[in-house]
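Participant: Residue-level listing of the chains:
Number of protein chains: 2
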Amino acid sequence: MKNTFSIAIHGGAGTIRQSEMTEERKDELQKCLRTAILRGRHILDNGGSAIDATCAAVVEMEDSPLFNAGRGSVFNSSGFIEMDASVMCGQTLAAGAVTCVRNIKNPVLAAKALLEHSSHVLLSGADAESFSRNHNIEFEQDDFFYTEHRYQQLKDAQKKDRVQLDHSDENDGKFGTVGAVALDKNGNLAASTSTGGMTNQLPGRVGDTPLIGSGNYANNRTCAVSCTGIGEGFIRAVSAYDVSALMEYKGLSLEQACKLVVHEKLHKVEGMGGLIAVDKSGAVSLPFNSEGMYRAWLTAGTDIQIAMYKN
Amino acid sequence: MKNTFSIAIHGGAGTIRQSEMTEERKDELQKCLRTAILRGRHILDNGGSAIDATCAAVVEMEDSPLFNAGRGSVFNSSGFIEMDASVMCGQTLAAGAVTCVRNIKNPVLAAKALLEHSSHVLLSGADAESFSRNHNIEFEQDDFFYTEHRYQQLKDAQKKDRVQLDHSDENDGKFGTVGAVALDKNGNLAASTSTGGMTNQLPGRVGDTPLIGSGNYANNRTCAVSCTGIGEGFIRAVSAYDVSALMEYKGLSLEQACKLVVHEKLHKVEGMGGLIAVDKSGAVSLPFNSEGMYRAWLTAGTDIQIAMYKN
Numbered sequence: 001m002k003n004t005f006s007i008a009i010h011g012g013a014g015t016i017r018q019s020e021m022t023e024e025r026k027d028e029l030q031k032c033l034r035t036a037i038l039r040g041r042h043i044l045d046n047g048g049s050a051i052d053a054t055c056a057a058v059v060e061m062e063d064s065p066l067f068n069a070g071r072g073s074v075f076n077s078s079g080f081i082e083m084d085a086s087v088m089c090g091q092t093l094a095a096g097a098v099t100c101v102r103n104i105k106n107p108v109l110a111a112k113a114l115l116e117h118s119s120h121v122l123l124s125g126a127d128a129e130s131f132s133r134n135h136n137i138e139f140e141q142d143d144f145f146y147t148e149h150r151y152q153q154l155k156d157a158q159k160k161d162r163v164q165l166d167h168s169d170e171n172d173g174k175f176g177t178v179g180a181v182a183l184d185k186n187g188n189l190a191a192s193t194s195t196g197g198m199t200n201q202l203p204g205r206v207g208d209t210p211l212i213g214s215g216n217y218a219n220n221r222t223c224a225v226s227c228t229g230i231g232e233g234f235i236r237a238v239s240a241y242d243v244s245a246l247m248e249y250k251g252l253s254l255e256q257a258c259k260l261v262v263h264e265k266l267h268k269v270e271g272m273g274g275l276i277a278v279d280k281s282g283a284v285s286l287p288f289n290s291e292g293m294y295r296a297w298l299t300a301g302t303d304i305q306i307a308m309y310k311n
Numbered sequence: 001m002k003n004t005f006s007i008a009i010h011g012g013a014g015t016i017r018q019s020e021m022t023e024e025r026k027d028e029l030q031k032c033l034r035t036a037i038l039r040g041r042h043i044l045d046n047g048g049s050a051i052d053a054t055c056a057a058v059v060e061m062e063d064s065p066l067f068n069a070g071r072g073s074v075f076n077s078s079g080f081i082e083m084d085a086s087v088m089c090g091q092t093l094a095a096g097a098v099t100c101v102r103n104i105k106n107p108v109l110a111a112k113a114l115l116e117h118s119s120h121v122l123l124s125g126a127d128a129e130s131f132s133r134n135h136n137i138e139f140e141q142d143d144f145f146y147t148e149h150r151y152q153q154l155k156d157a158q159k160k161d162r163v164q165l166d167h168s169d170e171n172d173g174k175f176g177t178v179g180a181v182a183l184d185k186n187g188n189l190a191a192s193t194s195t196g197g198m199t200n201q202l203p204g205r206v207g208d209t210p211l212i213g214s215g216n217y218a219n220n221r222t223c224a225v226s227c228t229g230i231g232e233g234f235i236r237a238v239s240a241y242d243v244s245a246l247m248e249y250k251g252l253s254l255e256q257a258c259k260l261v262v263h264e265k266l267h268k269v270e271g272m273g274g275l276i277a278v279d280k281s282g283a284v285s286l287p288f289n290s291e292g293m294y295r296a297w298l299t300a301g302t303d304i305q306i307a308m309y310k311n
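Listed in order, the protein sequences are those of chains A and E. Under the working numbering, think of the first position of the first sequence as 1, with each following residue one higher. Under the working numbering, think of the first position of the second sequence as 1, with each following residue one higher.
Keep in mind the hints are simulated off the structure, nothing from the lab.
Note that identical chains are pooled: a pair holds if it fits in a single copy or bridges any two copies.
Derived pair list, reagent style DSBU-like, types lysine-lysine, alpha-carbon separation capped at 30 Å:
id: 1; residue 1: Lys265; residue 2: Lys2
id: 2; residue 1: Lys259; residue 2: Lys31
id: 3; residue 1: Lys155; residue 2: Lys26
id: 4; residue 1: Lys265; residue 2: Lys160
Only chain A is shown next, with the shape it has when bound in the complex:
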């Protein structure tokens, strides 16, 4: 066992515009990012697995109403919440994911249960919920998830949709995701991602978050990646796996591969957002092409870094 580890987390690239950010909200967000990454660090520092560390960090963000995942999930066009999540293990390439699930407190734990207890990788809707109940995953009533802020976002988005042809740059707050990637002391990589989707999206819409290779990927040969942004671009560009392929097949560094995927390849499919990644040596990269991305990262023995915008 080496004495080195790394972890990076994100709280979404669909951030509040810098001009509209209050000091109070900034403090709240940074506090939650800090708590989440500390949960992951604690596990890694004690020799725990990258899977457990990334799931613990994601659970912390799912439990906060501040982020668009779990409790703070946004409303779809029918006025209810559907969530997606996935987990991948870089050592075995085992993966688990759920899509379009309702009322699961921590969808990332349902995804982890699938990874551990099923030959299937991806389950959807009511059937994913049944599987979760059978594996003692916690459920909550609708009012646990309801936040006035998210409901107001839906109403705003629905109003804007009617005039969106004239104001097509109104993407603020319409997308977001939480995710974590880690390298543990055993040299294993893992990635976990969770989302409530996009405000006012069609019910039944599946974004990149639960799709292995698109929004989430881990492989001990290369890296672990978790994406956030408008999911369709990440699906069409197969972004998470693309970072790994560029490293393995083209010999790019993590930094080079991440930049190419986010700043060139994603642009070609009109993709907006960012990703976090950690490679097998523990290096971390967190590029984005949106105004900001809530993020935090650390390696063994260094201080926690927290950032929200480009500077």
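Given chain A's structure and the hints, the job is docking chain E onto it.
Facilitator: Same frame as chain A, but now just chain E:
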């Protein structure tokens, strides 16, 4: 416009064992493969698009009770049919896909409608069905899809599951998919894939077929790919996109990339099945690691080739 085109189709890698194949059934299967590829060829020969050609070939196989897609779909463990399909355009990287849909006569046409008319790539379940109804996609009653043969397969699989620990090589007939890949006279590539999933699978299970990069992928820079087999392996290996990445980043030929993905990388994740692929020059590759794969292929000016087993 060049005077060259190519098309390849498959009817699944979960084939009937050679020892159990009757001459009559062989004739029926070959006849349907021939009709399907001729529908695609007709469109390509007249200057039509690779998307239209691949969808037409897939529709023909969906309409046949012989293949596990559309009308001939297998039953899940709850005794009903859920279907998946996807379509991708190599020119624009636009894609559309549906998962866990019921009663849609041709799921590949629902996927094509999504590609053409939605900003979303992937819709699931009842919501994908609503979208399809709004776009005049044809629906059929349950009895249209019911075949005694498929129902018997479910009963057999359910019996075998109880003893599967002792007979774990009993995979015959448990999986299958149909798909088509083509290069059109304008130099555009496309891939279309459709499936009824695996006999006795959990309801709500999503395989590789509707997942861009896993079971279906097309990119004019490299190739178009459609996979068939036990989907979870193709998801974990991101197989369809991997063929493209090996060509683009590592300079492999289509043949080399396909062989590496099917005979090495898929094995590492215990994946079983095969894929069909066509590259931007019109070359075709159809490797599989199972006993057989129903398949047909042709290029402009050559005869149709049809094969079912290794020889």
